[in-house]
Amino acid sequence: MPIINHAGEEFHLSHEEEEKLNNFQGITNFPEDDLPLVIKLLQNHGWNLEAALSRYFDDEWKESVKLINSGAHSSAEFATGRVPENIAIPMRNDTPIDIPNVETPSFFHDEIMRNEASPGPFLGSHYVPSLPLIRKLPTNYRDNLKVVGLTTGVNVWDIYNLTASGTTNELLGPLIVILLLVPKIVLRAGLSLFSLLWGIIAFGFTDNLNNDSKSKVYHIPNAPLKKYFENPEQKTEQSYAEIVKGYMATHIDDDNKISMIESFLPNENKNFNDLLEEARSEFKYLLVLLLGNLDSYSPSQLEGKKLSKDVTDIDINSHRFLNRVLIDDAVLKTLADYKDELLVYVGSVSDVEPWFISQELKLKYTPDSFLVANVLNSNGSVNGSTRLSILSKIRMTSAKRFSSSLKNTIERYRPELLVSRTDVQELRLAREIKQKQEEAYQNSLMQDRNKEEKRLQEEKERKELETMLAKKQREQALLTALHELRWLSKCIEKTTHLQQENSISNGENKKIATLQIRTADGKRIIKKIAGDTTLRSLYEEIGCHLYLELQDEDQRKWLQQIQSKLCDIRDNSDSSSILISLTEADENSIEKLKDIVHNEMHSIFDELPPNLRGVEELEIKFELISPFPRTNIPMDENKVISDVKDIWPKGNLLVEHIDEDLSTNESDDETN
Numbered sequence: 001m002p003i004i005n006h007a008g009e010e011f012h013l014s015h016e017e018e019e020k021l022n023n024f025q026g027i028t029n030f031p032e033d034d035l036p037l038v039i040k041l042l043q044n045h046g047w048n049l050e051a052a053l054s055r056y057f058d059d060e061w062k063e064s065v066k067l068i069n070s071g072a073h074s075s076a077e078f079a080t081g082r083v084p085e086n087i088a089i090p091m092r093n094d095t096p097i098d099i100p101n102v103e104t105p106s107f108f109h110d111e112i113m114r115n116e117a118s119p120g121p122f123l124g125s126h127y128v129p130s131l132p133l134i135r136k137l138p139t140n141y142r143d144n145l146k147v148v149g150l151t152t153g154v155n156v157w158d159i160y161n162l163t164a165s166g167t168t169n170e171l172l173g174p175l176i177v178i179l180l181l182v183p184k185i186v187l188r189a190g191l192s193l194f195s196l197l198w199g200i201i202a203f204g205f206t207d208n209l210n211n212d213s214k215s216k217v218y219h220i221p222n223a224p225l226k227k228y229f230e231n232p233e234q235k236t237e238q239s240y241a242e243i244v245k246g247y248m249a250t251h252i253d254d255d256n257k258i259s260m261i262e263s264f265l266p267n268e269n270k271n272f273n274d275l276l277e278e279a280r281s282e283f284k285y286l287l288v289l290l291l292g293n294l295d296s297y298s299p300s301q302l303e304g305k306k307l308s309k310d311v312t313d314i315d316i317n318s319h320r321f322l323n324r325v326l327i328d329d330a331v332l333k334t335l336a337d338y339k340d341e342l343l344v345y346v347g348s349v350s351d352v353e354p355w356f357i358s359q360e361l362k363l364k365y366t367p368d369s370f371l372v373a374n375v376l377n378s379n380g381s382v383n384g385s386t387r388l389s390i391l392s393k394i395r396m397t398s399a400k401r402f403s404s405s406l407k408n409t410i411e412r413y414r415p416e417l418l419v420s421r422t423d424v425q426e427l428r429l430a431r432e433i434k435q436k437q438e439e440a441y442q443n444s445l446m447q448d449r450n451k452e453e454k455r456l457q458e459e460k461e462r463k464e465l466e467t468m469l470a471k472k473q474r475e476q477a478l479l480t481a482l483h484e485l486r487w488l489s490k491c492i493e494k495t496t497h498l499q500q501e502n503s504i505s506n507g508e509n510k511k512i513a514t515l516q517i518r519t520a521d522g523k524r525i526i527k528k529i530a531g532d533t534t535l536r537s538l539y540e541e542i543g544c545h546l547y548l549e550l551q552d553e554d555q556r557k558w559l560q561q562i563q564s565k566l567c568d569i570r571d572n573s574d575s576s577s578i579l580i581s582l583t584e585a586d587e588n589s590i591e592k593l594k595d596i597v598h599n600e601m602h603s604i605f606d607e608l609p610p611n612l613r614g615v616e617e618l619e620i621k622f623e624l625i626s627p628f629p630r631t632n633i634p635m636d637e638n639k640v641i642s643d644v645k646d647i648w649p650k651g652n653l654l655v656e657h658i659d660e661d662l663s664t665n666e667s668d669d670e671t672n
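For reference, each letter of the sequence shown is one residue, going 1 to 672 in the working numbering.
Source of the hints: derived by calculation from the structure; they are not laboratory data. Virtual Cβ for every residue (Gly too), placed ideally from N, Cα, C. Heads up, some of the hints might be wrong.
Label-pair ranges, simulated between beta-carbon atoms [unchecked claim]:
#1 532 <-> 659: 45 to 55 Å
#2 625 <-> 532: 20 to 30 Å
#3 401 <-> 270: 24 to 34 Å
#4 139 <-> 323: 32 to 42 Å
#5 643 <-> 571: 42 to 52 Å
#6 7 <-> 386: 55 to 65 Å
#7 401 <-> 263: 16 to 26 Å
#8 607 <-> 458: 45 to 55 Å
Here are the simulated SDA-like pairs of lysine to any residue, each with C-alpha atoms no more than 20 Å apart in a straight line [claimed, not checked]:
#9 494 <-> 359
#10 528 <-> 639
#11 528 <-> 549
#12 639 <-> 551
#13 594 <-> 618
#14 528 <-> 551
#15 490 <-> 543
#16 284 <-> 415
#17 339 <-> 369
#18 650 <-> 621
#19 333 <-> 265
#20 592 <-> 548
#21 407 <-> 330
#22 339 <-> 364
#23 364 <-> 197
#24 333 <-> 344
#25 490 <-> 330
#26 490 <-> 415
#27 557 <-> 512
#28 284 <-> 273
#29 511 <-> 369
#30 284 <-> 423
#31 136 <-> 280
#32 528 <-> 477
#33 511 <-> 527
#34 527 <-> 497
Based on the provided sequences and hints, a complete structural model is requested.
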C-alpha cells in the first residue's frame, strides 16, 4: 500500500486513491504545501474526483476542509437539518425514511457510503412499488369452467344439478361432498354475519348516491348465468358496452353525453384480453368497470341453480353509478382529457368473462372499478420489471371522488408511462426506419439486378443482331460472289468459242447479223453473230461484254480480265482456294480457270442455306431496246435473231439497266 510522507504527516493510500491523487495533481497542478489539504478534500468527497475538483476551484475550499475536520459546527445546525454553504458534504437527516415493504440490501448501504456526495436520498430514487399483478384470461376459459380444487373435470352446472338431484354420491365420493358443502355453509354463515355487521356500521352507497333508498349490497354471484355461458355465439352475452349504450339511450335525455360515453366504451369486437394486450403494448391505462345487472331475471331463467338472490334483481348501485356518476360533467371531462391514453372495459359479473375477472381479482361486490397499466413492478422480482399491474381501485361512491381518484392515479404514473410510450414509439420508429431502409436496400438490389438483367439481355440481343447482320453480310457477299462467278463461268465458256465464232464470221457458211450495241455509259460494241443465235444467248453475250468491260472480242484480253475478276472475288470473299488455284494455274489455260470457277461455285453453294441457293442461272439486270421504232427485244429462248426483223440482218440496240425498285413497284401494281 503506498505511503505518502509530507511535513511529518503520513498518509496511507490505496493504489486507486494514489492514482486519483495523481490525476488531481495533473489537472490542478496544486502547490506541494497543499498536499495534506488536497488529500483531506478528496477523502471528504469519498475520493470522487469530479466533486473534489468542483470544490477545489472554489476560493474558500481550504477553509471548508479545515472547518469540516475541526468539527466546528454546532449541533443545532445538524438538528435542524440545515447544511452550511461552505460545507461540501450534504448532511443526511438523522430520522430514517420510513418506506413500507422495502428491504434495504447490504449493497444499498455500500453504495450510499461510496456516493455520499450524490444528491437526494438513494432509497427514494431507487424505490420500485409492489403492485398486484393482473393476467390475461385463458383462451379456452369458456370450455374449461371447473370447480376450483376438484380434479374431476365436472362442469360447475353439472355439480349443481347433481347436488340438487341427490345423485352426487353416485359420482363423487363422500369426501368430495364434504369438501364441497361444508366450506360453502361456513362461508355463507360468515358472510351473513359480516353483512349484518356491515349494515350496522356503514350504509354502502346510500350515503352518497341515494339517501332516500334502502341500503343494499350486491354480491358477485357464485357462477355466471348459464344462458350467458352456454350461448356465447348468440351474443346473449352481447358486448356489455352495447347494453350500457342501450341503457344510456333509454334513461338519459342528453344526446351529447350519450355520444361522449359511447365514444369511451370499447368496440364490441374487443374483449378483455384484447384491451389488456393493447394497454400492455401501447402503455395505456385500462379502466375496468365491473357492474351488476341492469336487467332483471326470473328464477326460471336460472334453471334451478342456487345462485345469489341478488343477481336476479336490478343492481341499484350500478344503476345509480351509470345514472349519476358516469354522466357527470366532471367525470366526462376527465375521461375526455385522457381519451388518447385511456381504454375502458365495462362488463357485468353475470357474464362469463367479467365473472372470471372478478374471481381472479377476488372481488366481492358490484359495482367495482380499478385502473390497470404496464408499469415497473417489484412484485415477484428483485429489481422490478415492467408488467401489467393494478395501479389502484377507483372510488365510485360519488362523481367527485370517482373523478379525483381516477385523475390522481393517472397523474401518479403518467410520467413513467409517457417515458415508456416514448421509448416504444422510438423503437417502433427505429424498427420502421430499419425496415424501410431494408426495403430500400432490397429495392436497390432489385433495381440493380433488373438493370444487370436488362444489360445482359440488351448485350445478348446486340450480339444476336451483330451475328445476324454478319451472317446476312456474309450471305450477301457470297451471293454477290456467286453472281460474279456465274458470269465468269459464262465468260470462260464464251472465250472457248471466240476463235470458232471469228472463223464463222469470216466465212459464209452461216447467215450473220451485224449489231451495233450502245451501252448506258456511251460505249459502242459492234458484234457479228449468227442468225440462229437465240435471244437469250444474245443477252448473255452482251452481258459478258458488260461484265468484263470489253468492247472487242480479243481472247487474250478476255483471259486477263477473267483473272482480274477472280482476284477481286478472292479479295472480297476471303477465299483461299482461289488464291491457291491462281498461283498454280497457267494464265493461258482456260480449262484450269474453268475448274477454279466451278470449284468456288460449289464451295459457295455448300455454305449458303438452301433457301438462298436459287436456280443456277444468270441474273440479267438490263434490257435491249431497238430505238427505231422503239421496241423491247425480249429475252426469249425460243426465238432467234433472224426472227426479229428489227435487228435482222442489221440493227441497233440500246442497253438499258433495270431499276430494281421500279421493277418491284411495277410488279406490285400488276399484282393489284
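Hints, one by one, checked against the model:
| no. | hint | result |
| --- | --- | --- |
| 1 | 532 <-> 659: 45 to 55 Å | violated, 33 Å |
| 2 | 625 <-> 532: 20 to 30 Å | holds, 23 Å |
| 3 | 401 <-> 270: 24 to 34 Å | holds, 28 Å |
| 4 | 139 <-> 323: 32 to 42 Å | holds, 36 Å |
| 5 | 643 <-> 571: 42 to 52 Å | holds, 43 Å |
| 6 | 7 <-> 386: 55 to 65 Å | holds, 57 Å |
| 7 | 401 <-> 263: 16 to 26 Å | holds, 23 Å |
| 8 | 607 <-> 458: 45 to 55 Å | violated, 30 Å |
| 9 | 494 <-> 359 | violated, 124 Å |
| 10 | 528 <-> 639 | holds, 18 Å |
| 11 | 528 <-> 549 | holds, 18 Å |
| 12 | 639 <-> 551 | violated, 25 Å |
| 13 | 594 <-> 618 | holds, 16 Å |
| 14 | 528 <-> 551 | holds, 12 Å |
| 15 | 490 <-> 543 | holds, 9 Å |
| 16 | 284 <-> 415 | holds, 12 Å |
| 17 | 339 <-> 369 | holds, 17 Å |
| 18 | 650 <-> 621 | violated, 24 Å |
| 19 | 333 <-> 265 | holds, 15 Å |
| 20 | 592 <-> 548 | holds, 19 Å |
| 21 | 407 <-> 330 | holds, 11 Å |
| 22 | 339 <-> 364 | violated, 29 Å |
| 23 | 364 <-> 197 | holds, 16 Å |
| 24 | 333 <-> 344 | holds, 15 Å |
| 25 | 490 <-> 330 | violated, 119 Å |
| 26 | 490 <-> 415 | violated, 109 Å |
| 27 | 557 <-> 512 | violated, 24 Å |
| 28 | 284 <-> 273 | holds, 14 Å |
| 29 | 511 <-> 369 | violated, 138 Å |
| 30 | 284 <-> 423 | holds, 13 Å |
| 31 | 136 <-> 280 | holds, 11 Å |
| 32 | 528 <-> 477 | violated, 36 Å |
| 33 | 511 <-> 527 | holds, 14 Å |
| 34 | 527 <-> 497 | holds, 14 Å |
When the structure is compared with the earlier hints, violations turn up for hints 1, 8, 9, 12, 18, 22, 25, 26, 27, 29 and 32 and for no others.
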